[in-house]
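S.K.: Sequence:
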Amino acid sequence: MLDHLIGFDWDVHNVGHVAAHDVMPQEVEEAVRGRHVIIPAAPKAGEKRWKLLGKTASGRYLVVVFTIRRKRFRTVTAYTMNQAERRIYAPQIES
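In the numbering used here, the protein residues as written are 755 to 849.
Derived by calculation from the structure, the hints in this document are not laboratory data. Check each hint, because a few of them may be wrong.
Stated by the list, open to error - Heads up, simulated DSS-like pairs for lysine-lysine below, C-alpha to C-alpha not over 25 Å straight-line:
# : residue 1 : residue 2
1 : K825      : K798
2 : K825      : K802
3 : K805      : K825
All chains should be modelled from the sequences, with the hints used to inform the complete structure.
M.R.: As structure tokens, this is what we get:
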């Protein structure tokens with residue numbers, strides 16, 4: 755799904771959204787480039803969205819809500835996985 759993308763789409767808005775959850779853009783990019791699971795998320799204003807569940811280089815488990823705009827990965831927000839998400843998705847990410 756992400757193979758055709760040409761990069762990331764960062765601006766003050768989405769950087770601010772991830773920062774509100776103590777996540778840095780670099781951590782999002784690490785989770786995207788590493789092993790991950792993608793599941794559908796609820797669309798907003800007619801725009802398709804997905805959740806990427808992955809792990810950073812330092813081992814932090816993240817949920818990244820994203821969309822695709824102009825062939826770029828556009829992060830909507832990102833946050834640390836809760837325990838229920840980790841139980842479900844960590845085995846898929848680590849295997």
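S.K.: Work down the list of hints and note, for each, if the structure agrees.
M.R.: Status of the hints after comparison with the structure:
no., hint, in the structure
1, K825 / K798, "holds, 18 Å"
2, K825 / K802, "holds, 14 Å"
3, K805 / K825, "holds, 17 Å"
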